[in-house]
Amino acid sequence: PDQDVTTVQGIYPKFDDSEQIYSNFSKKVPLDNLESYLIGAATSIETELEFKSVPMTVEKSTSAGKILVNKLKNRYGNNLPFDENRVILPKIPNQDNSDYINASY
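The sequence shown begins at 3 in this note's numbering and counts up one residue at a time.
I should point out that these hints are in silico values taken from the structure, not numbers from a laboratory.
A hint or two may mislead.
[As the list claims (entries may be wrong)] In silico BS3-like links for lysine-lysine, alpha-carbon gap of 30 Å or less:
no., residue 1, residue 2
1, Lys54, Lys68
2, Lys75, Lys62
3, Lys29, Lys68
Keep in mind it's a predicted model, so treat the numbers as computed, not measured.
Work out the full structure, taking the sequences as your base and the hints as a guide.
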């Protein structure tokens, strides 16, 4: 069968048909050509420029993850939860910073 890849309808159950899904994908790509199309897109200068335009830093506080006792709970030192949306555990009595886990909502 001649299949084109252009739609997400029916793939994402949380979206109903009345919602608009943003896409700047404007041409049909036959399924048989999808792999070569994606390889070409991944190596294009436009893709590189778009990737470089994404900010590499985020200016949000991660102070809870930087507390010395909490640093030991982080698997990676450069991947910390934002203070505003981190998961806060119930405190263990007489244990400072026992409410910290490296997780976010």
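Now for the hints, and whether the structure bears them out:
no.	hint	result
1	Lys54 <-> Lys68	holds (28 Å)
2	Lys75 <-> Lys62	holds (20 Å)
3	Lys29 <-> Lys68	violated (47 Å)
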